[in-house]
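Going line by line, the protein sequences match chains E and C. Start counting the first sequence at 1; every next residue gets the next number (this note's numbering). Start counting the second sequence at 1; every next residue gets the next number (this note's numbering).
Worth flagging that the hints you see were computed from the coordinates, not collected in a lab. Each hint should be verified, as a subset may be incorrect.
To be verified - In the DSS-like style, the derived pairs of lysine-lysine whose C-alpha atoms are separated by at most 30 Å in a straight line are:
(1) Lys365(C) with Lys32(E)
(2) Lys113(C) with Lys95(C)
(3) Lys70(C) with Lys60(E)
(4) Lys288(C) with Lys121(C)
(5) Lys75(C) with Lys95(C)
(6) Lys75(C) with Lys121(C)
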Amino acid sequence: MNPYLAVAALILMVSMMLMLPLIPAFWELRRKSDARPLNVVQQNAGEIRHFASSFRDYIKGLQPILQRCVADGISASGALPDGEEYVVLGRADEPLMLALQQRDATHPVMMAAGVDLVVPPSGTFSRDIYAGAQFIGGDKNSYRAILGETNVHLGASSRVTRWVHAVGDFTADAGCRLYGRISSDSLIRLRADCGFLRLNAPRIEIGNVAINGNANLPDSSSSKSAPVERFFHDGDFEVRAGEVISGNMVIRGNLHIRSGARIRGSVKSTQDMVLDDGVSVEGSLISARKLRIGPNCAVHGPVVAERELAIGSGTRCGTLSLPTTVSAPRIEVEEAVVVFGTLWAREDGEVVATP
Amino acid sequence: MIYVLYIIVFVICVYTGRHYWFTLNRLFGFQRHPYIDIDTADWPPVTVLVAAHNEEKVVANILEALMTVKYPADKMIVIPVNDRSTDRTREIIDKFVEGFPGRIQPFHRVGGKGGKAAALKDAMRLVSTEVILIFDADYIPGAGLIKQLVAPFFDLEVGGVMGRVVPLNAGTNLLTRLLDLERSGGYQVDQQARMNLRLVPQHGGTVAGVRLSALREIGGWNENSLTEDTDLTYRLLLNGWKTVYQNRSECYEEVPEVWPVRIRQIMRWAKGHNQAMMTYGLHLLLGKNRATLRERIDGTLLLGVYAMAPVTLVGWALALAVFYQGIAPLHGVIALLSLTAYAALGNLAAFFEIAAAARLDGTRKRICLLPFLILGFAVSIFSVSRAAASQISDLVTGAEFHWDKTERFRKVL
Numbered sequence: 001m002n003p004y005l006a007v008a009a010l011i012l013m014v015s016m017m018l019m020l021p022l023i024p025a026f027w028e029l030r031r032k033s034d035a036r037p038l039n040v041v042q043q044n045a046g047e048i049r050h051f052a053s054s055f056r057d058y059i060k061g062l063q064p065i066l067q068r069c070v071a072d073g074i075s076a077s078g079a080l081p082d083g084e085e086y087v088v089l090g091r092a093d094e095p096l097m098l099a100l101q102q103r104d105a106t107h108p109v110m111m112a113a114g115v116d117l118v119v120p121p122s123g124t125f126s127r128d129i130y131a132g133a134q135f136i137g138g139d140k141n142s143y144r145a146i147l148g149e150t151n152v153h154l155g156a157s158s159r160v161t162r163w164v165h166a167v168g169d170f171t172a173d174a175g176c177r178l179y180g181r182i183s184s185d186s187l188i189r190l191r192a193d194c195g196f197l198r199l200n201a202p203r204i205e206i207g208n209v210a211i212n213g214n215a216n217l218p219d220s221s222s223s224k225s226a227p228v229e230r231f232f233h234d235g236d237f238e239v240r241a242g243e244v245i246s247g248n249m250v251i252r253g254n255l256h257i258r259s260g261a262r263i264r265g266s267v268k269s270t271q272d273m274v275l276d277d278g279v280s281v282e283g284s285l286i287s288a289r290k291l292r293i294g295p296n297c298a299v300h301g302p303v304v305a306e307r308e309l310a311i312g313s314g315t316r317c318g319t320l321s322l323p324t325t326v327s328a329p330r331i332e333v334e335e336a337v338v339v340f341g342t343l344w345a346r347e348d349g350e351v352v353a354t355p
Numbered sequence: 001m002i003y004v005l006y007i008i009v010f011v012i013c014v015y016t017g018r019h020y021w022f023t024l025n026r027l028f029g030f031q032r033h034p035y036i037d038i039d040t041a042d043w044p045p046v047t048v049l050v051a052a053h054n055e056e057k058v059v060a061n062i063l064e065a066l067m068t069v070k071y072p073a074d075k076m077i078v079i080p081v082n083d084r085s086t087d088r089t090r091e092i093i094d095k096f097v098e099g100f101p102g103r104i105q106p107f108h109r110v111g112g113k114g115g116k117a118a119a120l121k122d123a124m125r126l127v128s129t130e131v132i133l134i135f136d137a138d139y140i141p142g143a144g145l146i147k148q149l150v151a152p153f154f155d156l157e158v159g160g161v162m163g164r165v166v167p168l169n170a171g172t173n174l175l176t177r178l179l180d181l182e183r184s185g186g187y188q189v190d191q192q193a194r195m196n197l198r199l200v201p202q203h204g205g206t207v208a209g210v211r212l213s214a215l216r217e218i219g220g221w222n223e224n225s226l227t228e229d230t231d232l233t234y235r236l237l238l239n240g241w242k243t244v245y246q247n248r249s250e251c252y253e254e255v256p257e258v259w260p261v262r263i264r265q266i267m268r269w270a271k272g273h274n275q276a277m278m279t280y281g282l283h284l285l286l287g288k289n290r291a292t293l294r295e296r297i298d299g300t301l302l303l304g305v306y307a308m309a310p311v312t313l314v315g316w317a318l319a320l321a322v323f324y325q326g327i328a329p330l331h332g333v334i335a336l337l338s339l340t341a342y343a344a345l346g347n348l349a350a351f352f353e354i355a356a357a358a359r360l361d362g363t364r365k366r367i368c369l370l371p372f373l374i375l376g377f378a379v380s381i382f383s384v385s386r387a388a389a390s391q392i393s394d395l396v397t398g399a400e401f402h403w404d405k406t407e408r409f410r411k412v413l
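Sequences are here, hints too, so could you generate the full structure?
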């Protein structure tokens with residue numbers, strides 16, 4: 001073999017081998033199959049009612065049928081343009097309702113009801129439900145999503161996998177598991193042993209709540225533009241019982257606020273924080289680890305715990321006119337707690353019995 | 001010579017380990033997003049500063065976006081900081097002021113020192129709110145972004161907030177696609193890992209916020225700084241204020257579409273970063289301040305990232321010199337093993353980080369472009385080294401820094 005040819009062949013072969021890993025790169029550069037900007041800037045990020053609003057828009061086309069069914073007391077079924085099958089109920093004692101009566105049945109059809117909808121227990125509703133009037137669910141049901149134009153009431157041990165929005169009150173009986181987003185324009189009420197992730201309503205009541213308001217908090221805005229003055233402490237710190245502190249506290253350590261103390265500002269602890277009985281905080285409450293809010297406390301601003309949060313009975317977070325957010329990966333809430341605004345457990349939220 | 005090489009190799013290994021630590025943390029560690037769930041609150045008044053110097057191509061987009069964000073309108077004032085623009089920027093801003101009475105308060109700066117920090121410093125006389133957000137004019141905030149960036153300020157330790165930057169013109173050409181990957185690695189992995197590990201997330205000076213009282217405490221904007229964001233990060237840190245990173249607070253930006261603009265941009269960043277390193281490095285690491293030990297170490301390493309480019313070049317030169325002098329460091333075999341291990345792991349650290357970022361972003365095909373990053377890496381290493389060299393020569397000759405505005409590529413509206 002000609003030595004020049006051999007060298008040229010060798011160079012060619014080595015070049016080809018070197019280029020081999022670059023073929024996908026050149027291919028992608030030319031085809032631009034994944035060249036669009038990342039779809040991460042979401043206009044509706046964080047909007048808890050987004051799914052409910054989208055669903056309301058989605059079923060707009062069903063409204064004339066729904067109105068006709070209600071007026072004539074009949075039912076109808078069919079499919080939406082995208083192929084989604086639906087059942088429209090204009091009367092509660094529809095023959096179609098008979099299909100729902102079967103226990104342990106699965107109902108893979110979107111339902112829209114113009115009248116009060118009372119669904120039997122132990123069913124699985126794997127498509128979204130629209131309730132134009134009240135929705136009352138039986139025990140041990142499993143729902144994908146519900147949009148209720150008035151009140152929504154779930155029976156004991158029911159399960160929601162995606163979302164519920166109630167224009168009126170939302171009530172979940174004992175033992176319900178509420179995954180996804182639960183929102184109401186007026187009130188959310190959770191009974192004992194319920195599990196939850198994200199709740200939002202002007203008023204969220206956990207367990208049986210005595211309607212006694214938030215006597216120990218002034219209902220005034222904390223969102224002033226005054227400069228922040230901080231009391232800085234390195235190491236563990238304790239606020240004595242009944243002590244009143246006017247100002248903000250940053251504690252680089254554990255913080256223990258004893259009974260009846262009042263903080264007229266915000267509090268941050270870089271480790272665990274414990275609030276005893278009857279403590280009130282007019283600003284935010286933020287713990288970089290675990291936070292235990294004792295019974296009968298009142299917190300005005302956002303409450304954030306980076307690891308765990310436990311809220312004792314009788315505690316109030318936020319006010320009706322100044323709602324707030326209570327958030328942590330894991331939250332345990334005793335009964336008789338009221339949160340005005342958002343209660344958000346990123347991983348797991350539980351209603352626990354008051355000891 | 002060999003000992004200098006040892007030191008350089010050690011430092012490079014430290015940075016390599018850091019890359020791996022961050023990437024593995026992002027893939028398998030506990031992820032911190034403590035403030036992102038705050039969606040209901042008594043929101044504080046906020047001022048949004050929009051830095052604009054000859055931004056006729058982009059300024060309308062950001063003002064339009066800001067007028068539609070979900071934040072109480074009576075609690076948000078937008079101040080476009082029109083810094084000595086000679087194009088139609090002023091005209092466009094004034095049109096918006098008319099269209100949205102009471103919501104936009106323009107600041108038309110006609111003279112004074114050049115640079116963003118100087119312009120922001122002058123604009124501060126119009127600011128009275130405790131929370132200030134800052135955007136460059138080429139950014140387009142989403143509807144929920146303002147609340148997300150304000151939320152961390154409920155934490156009294158927080159002095160600065162930084163959101164995530166996402167290139168909007170990612171698909172334009174090879175450069176924008178490489179920058180898209182780099183941004184992904186820098187934010188999705190680097191910044192979030194620093195947030196997770198309670199290290200030093202960096203304030204980026206845009207899609208960002210600062211607390212007025214913290215800013216006043218540290219002496220306001222430093223108009224002598226070439227990168228006001230890095231300068232701000234370190235002055236906040238030294239004074240006991242945290243900068244937090246919100247990975248889910250994303251905002252589109254425009255990245256450079258031609259190499260000369262990119263080179264000028266990275267050279268400015270390198271000079272500013274090196275300036276901050278000289279100013280704060282020693283004080284942060286050894287001085288009396290409020291930073292924790294891990295913040296001191298990470299902060300120092302972060303300050304040194306741009307210095308690593310010339311250090312690496314020196315390392316290469318020394319390695320070649322050692323080779324041609326016939327020196328066999330560490331008895332040859334150990335050196336060979338070390339070299340092989342480094343070639344297998346060390347060189348891939350940054351690429352691993354970017355690939356992990358693409359994975360976290362849920363993208364698939366753009367990872368294919370990873371080999372081309374060597375090109376971006378080569379351009380960066382020489383540009384940054386050139387910046388460092390010119391910085392040293394400027395120091396000797398006393399030459400003043402010239403502010404290079406990053407050119408925009410969007411079409412004029």
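So, going through the hints one by one against the coordinates:
1. Lys365(C) with Lys32(E): holds, 9 Å
2. Lys113(C) with Lys95(C): holds, 27 Å
3. Lys70(C) with Lys60(E): OK: Lys70(C) and Lys60(E) at ~25 Å, within 30 Å.
4. Lys288(C) with Lys121(C): holds, 28 Å
5. Lys75(C) with Lys95(C): Holds, at roughly 22 Å.
6. Lys75(C) with Lys121(C): Cα-Cα ~22 Å, so holds.
The structure is consistent with each of the numbered hints, conforming to all of them.
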